[in-house]
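Chain by chain, the residues run as shown.
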Amino acid sequence: MLNPQLNKNGELQHLLTIEGLPKAHILHILDTASSFVSIGDREVKKVPLMRGKSVFNLFFENSTRTRTTFEIASKRLSADVINLNIAASSSSKGESLLDTIDNLSAMHADMFVVRHAQSGAPYLIAKHLNDTMQPHVHVVNAGDGRHAHPTQGLLDMYTIRHYKKDFSNLTVAIVGDILHSRVARSDIHALTTLGVPEVRAIGPRTLLPSGLEQMGVRVFTDINKGLKDVDVIIMLRLQNERMSGALLPSAQEFFKSYGLTTERLALAKPDAIVMHPGPMNRGVEIESAVADGTQAVILPQVTFGIAVRMAVMSILAGN
Amino acid sequence: MLNPQLNKNGELQHLLTIEGLPKAHILHILDTASSFVSIGDREVKKVPLMRGKSVFNLFFENSTRTRTTFEIASKRLSADVINLNIAASSSSKGESLLDTIDNLSAMHADMFVVRHAQSGAPYLIAKHLNDTMQPHVHVVNAGDGRHAHPTQGLLDMYTIRHYKKDFSNLTVAIVGDILHSRVARSDIHALTTLGVPEVRAIGPRTLLPSGLEQMGVRVFTDINKGLKDVDVIIMLRLQNERMSGALLPSAQEFFKSYGLTTERLALAKPDAIVMHPGPMNRGVEIESAVADGTQAVILPQVTFGIAVRMAVMSILAGN
Amino acid sequence: MLNPQLNKNGELQHLLTIEGLPKAHILHILDTASSFVSIGDREVKKVPLMRGKSVFNLFFENSTRTRTTFEIASKRLSADVINLNIAASSSSKGESLLDTIDNLSAMHADMFVVRHAQSGAPYLIAKHLNDTMQPHVHVVNAGDGRHAHPTQGLLDMYTIRHYKKDFSNLTVAIVGDILHSRVARSDIHALTTLGVPEVRAIGPRTLLPSGLEQMGVRVFTDINKGLKDVDVIIMLRLQNERMSGALLPSAQEFFKSYGLTTERLALAKPDAIVMHPGPMNRGVEIESAVADGTQAVILPQVTFGIAVRMAVMSILAGN
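Residue numbers (my numbering), protein chains in the order written: chain L, 104 to 422; chain B, 104 to 422; chain U, 104 to 422.
In isolation and in its complexed conformation, chain L is listed as follows:
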């Protein structure tokens, strides 16, 4: 399936993935986000850019945290937001995904923010909207299966640019369960597109997907070697459901081998920053002293995430 996220004029019609997203689009989103960062500090944290627009949060997979960030971003853009927890509703009545979308479009939806356990679901929706000539309706992928989580990737890039100014001299390490992580995939594509010369993936062999080298990533199974002189460390959340599985001995073992401790952080550059998409498992992938330490930028990531989502939504709504 051709990527339907750009329209014929090359404008952003939907945001589905960072893979193949031109560098100019990524930079435009980051620049637009800059203008929204300060809104959070204002007395009245609202701009009227999406007043009267209807945004539907379609969460086929539960995620209060991500849903909340999009809900806040929508409200600060003055949009009307409707939260639909679809898992519990019409799909149980046997209606197909695309019938649900057609129905909501017929209610004059302007934007769907879609979270789905199946990779590709937001593509299917975007393609359907394009095929049925509904260019005024936009899709934002809020995480699909193991595939992509583009707004997380973009907010990670915003954070890196904020602290490191320039991408062209950086070494960035992504640590943990790369195999199951849509965040890792989105980050790798973004970092590569933005010209980061060295991207590293660090994790146990069982949690490293094949094909990383072809994506231009250096693979390390020894975290002490992998963290050597890096500028940015992106820790991944270890999904609880993996821990007791065949892929991993235990949370304690994982921490011993791959947890980010103060000692290990000292291997990176002195001004290295530590990132995490949240929610953190303290004592599993990251030591509390690091999570709360001066090099951690985990909470600024959250702040920037609202601005980046506002940027994506307002750019889509304007096209």
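Quick caveat, the hints were computed from the structure, so don't treat them as lab data.
If you're wondering where the values come from, they're calculated on a predicted model, not measured in any experiment.
Misleading hints may appear alongside valid ones.
In silico DMTMM-like cross-links for lysine to aspartate or glutamate, where the CA-CA straight-line distance does not exceed 20 Å [to be verified]:
hint, chain 1, residue 1, chain 2, residue 2
1, U, Lys267, U, Glu301
2, B, Lys149, U, Glu356
3, U, Lys328, U, Glu356
4, B, Lys230, B, Glu114
5, L, Lys149, U, Asp213
6, L, Lys149, L, Glu114
7, B, Lys230, B, Asp202
8, B, Lys359, B, Asp325
9, B, Lys230, U, Asp395
10, U, Lys149, B, Asp213
11, B, Lys328, B, Glu390
12, B, Lys126, B, Glu114
13, B, Lys328, B, Glu366
14, L, Lys149, B, Asp325
15, L, Lys328, L, Glu356
16, L, Lys230, B, Asp395
17, U, Lys230, U, Glu114
18, U, Lys230, L, Glu390
19, B, Lys149, L, Asp213
20, U, Lys149, L, Glu146
21, B, Lys372, B, Glu356
With the Cβ distance kept under 10 Å, some of the chain L side facing chain U (calculated, not the full set) [claimed, not checked]:
hint, residue
22, Val147
23, Ile175
24, Arg385
C-beta atoms are modelled at their ideal positions from N, C-alpha and C, and glycine is treated no differently.
Using the hints provided, position chains B and U relative to the given structure of chain L.
Quick look at chains B and U alone, frame taken from chain L:
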């Protein structure tokens, strides 16, 4: 119980049922809805008609789809909406229905949109509000048991008028599980009131209620005879829970005997329209080729439904 | 732990408890609430005092009724409200309470309305916000364990002042399950602070906590003696879960011994008012004839409750 939906001046105080609703009121709602249809296409899809009013969606029975249409309609009228899933809340604490209503009224509610599995629940609430001298609080029945679903009936009338202009020469067929359908009941009352000369009910004998003839409806158990030369076909949703029951052999059998196929559609007038309240069971009551065909007006029904609900709410709030 | 609800200048930074809250603050809240009571009767029930502010309803314990009152109060102040049912979300992902708070603060939250089954949880949050230098984020305790329910206490004081004008000559009786009631605790502290000369607690010995006398409360196990000549009767809700326990024989027995009947009400002053925090168990702690009688002010309590919550939120947001 006398119908409490009209006040002493004959104005619409609540919308509880189409049965007994004067023709002038129905036409006034449809005319008002016309003015709201275009709002959906505007850049800013909002009017300030209910700004600062508090609308409570009281859903004692879960229905994401209907709740969503009322939520959108409320927000486009600039009302504040509070969603209450009552099944899960205070009724479990043993509070009575009317105590709940009194409490919400005391919070200065302006309107209750009520969905309830028990027929008559919205009546009980409306009567209580009238009895306790609270004429500023309005009730909209969003579906009560097998009894009525008046806003669905009204949006169906809007759709028919939109495509057929005039009710006075039409033959309208309602097909499927008439027995359990509040939509069918509301449609029959509306069609009769608006002067449609021939209303047909088509279905297996086990799913046809007694008394249809007294309501002026022609009954058919043979769909091929029933669809002959009709102008409008209203398909009903077959409730999953009926399918495996004693009333019906199976979904496949039902489709064979009563499903709307391309062949059967050809029996109707060439410009006949096909309607369905949704969500559809494709391959059960309707063939996909028909649902997606040029005669289907199922998605316009959804669009008109928002406008009709805005009309009902703004009329009530204005009285 | 020192009470973190007042800042260094003695201003209200958070509302956590009425215990130790200076009388001037209580009166300021009640006076501010007066100005909001009339808003409920206006055509447009909104004021722009919190426009663009983000209020998070953090309900770790389900309570539709209380959540609704805060949601309405927020919307009438023009704030953006985000409802988070935390029981079902990130705490299940193993994130700590304070990590959740830090994340939401990073999204530029302005206020947390917190309901928690554990006594002290709102304190922990408030203390954390103070310790991490986030004085612009405010906490309102919406009920924590058996400890406190300060906005209920305040709305009870508002109601008493509305009907009795002056606190300095009153006898107030609180009846029922004092032991488990955060409402009773908040009311006792408020009444004492406001100078009510006689506060009585009436209930079976098993439901009376120790230490009431030290708080200046007269204890009665005989309701007929306790109600003698009182000006105000505050009935408490009997929690269903207590009824079948060891502390109580049965709901019927309780009604026989402590239910407020018309006969017992006649023991109080002729102009005594009857209050109840709701939801009521009719026939358990209160007879229907009393609940619906002329001396009951239970629904006005609900109305005043919205105004009191608006007052608390706007005062906090202004500091």
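To see whether the hints hold, each was checked on the structure:
1. A C-alpha spacing of about 14 Å is found between Lys267/U and Glu301/U, which places the hinted pair at or below 20 Å, so the restraint holds.
2. Annotation: proposed proximity of Lys149/B to Glu356/U is violated, straight-line Cα distance about 56 Å (limit 20 Å).
3. Only pairs whose Cα atoms come within 20 Å are accepted, and Lys328/U paired with Glu356/U is accepted, the gap being roughly 18 Å.
4. Restraint check for Lys230/B and Glu114/B: the C-alpha separation of about 15 Å stays at or below 20 Å, so the hint holds.
5. With a C-alpha separation of about 13 Å, the suggested pair Lys149/L and Asp213/U falls inside the 20 Å cut-off, and the hint holds.
6. The straight-line distance between the Cα atoms of Lys149/L and Glu114/L is roughly 26 Å, outside the 20 Å bound, and the hint therefore fails.
7. For a cut-off of 20 Å, the pair hint linking Lys230/B to Asp202/B stands: about 14 Å separates their Cα positions.
8. Taken as a hint, the Lys359/B and Asp325/B pair is honoured in the structure, with Cα atoms around 12 Å apart against an allowance of 20 Å.
9. A threshold of 20 Å between alpha carbons decides the hint, and for Lys230/B with Asp395/U the separation of about 17 Å falls inside it, so the pair holds.
10. A distance of roughly 13 Å separates the Cα atoms of Lys149/U and Asp213/B; the hinted pair therefore holds under the 20 Å criterion.
11. A C-alpha spacing of about 19 Å is found between Lys328/B and Glu390/B, which places the hinted pair at or below 20 Å, so the restraint holds.
12. For a cut-off of 20 Å, the pair hint linking Lys126/B to Glu114/B stands: about 13 Å separates their Cα positions.
13. Restraint check for Lys328/B and Glu366/B: satisfied, since their Cα atoms lie roughly 13 Å apart, inside the 20 Å limit.
14. The straight-line distance between the Cα atoms of Lys149/L and Asp325/B is roughly 60 Å, outside the 20 Å bound, and the hint therefore fails.
15. Proximity of Lys328/L to Glu356/L is assessed by CA-CA distance (about 18 Å); at most 20 Å being required, the pair is judged to hold.
16. For a cut-off of 20 Å, the pair hint linking Lys230/L to Asp395/B stands: about 17 Å separates their Cα positions.
17. Pair hint Lys230/U plus Glu114/U holds up; C-alpha atoms about 15 Å apart against a cutoff of 20 Å.
18. Simply put, Lys230/U and Glu390/L have alpha-carbon atoms about 23 Å apart, too far for the 20 Å limit, and the pair is violated.
19. At most 20 Å may separate the alpha-carbon atoms for a hinted pair to count; Lys149/B and Asp213/L meet this at roughly 13 Å.
20. In summary, the hint linking Lys149/U to Glu146/L is supported, as the alpha carbons are separated by about 18 Å, within the 20 Å threshold.
21. The suggested pairing of Lys372/B with Glu356/B is violated, with an alpha-carbon distance near 26 Å, which exceeds 20 Å.
22. With a cut of 10 Å, the hint placing Val147/L at the interface with chain U holds, because the nearest CB-to-CB distance is about 3 Å.
23. Because the smallest distance between the Cβ of Ile175/L and any Cβ of chain U comes to about 6 Å, under 10 Å, the interface hint for this residue holds.
24. Interface hint status for Arg385/L: upheld, as the beta-carbon distance to the closest one in chain U is roughly 7 Å, under 10 Å.
In this structure, the hints that do not hold are numbers 2, 6, 14, 18, 21, in rising order.
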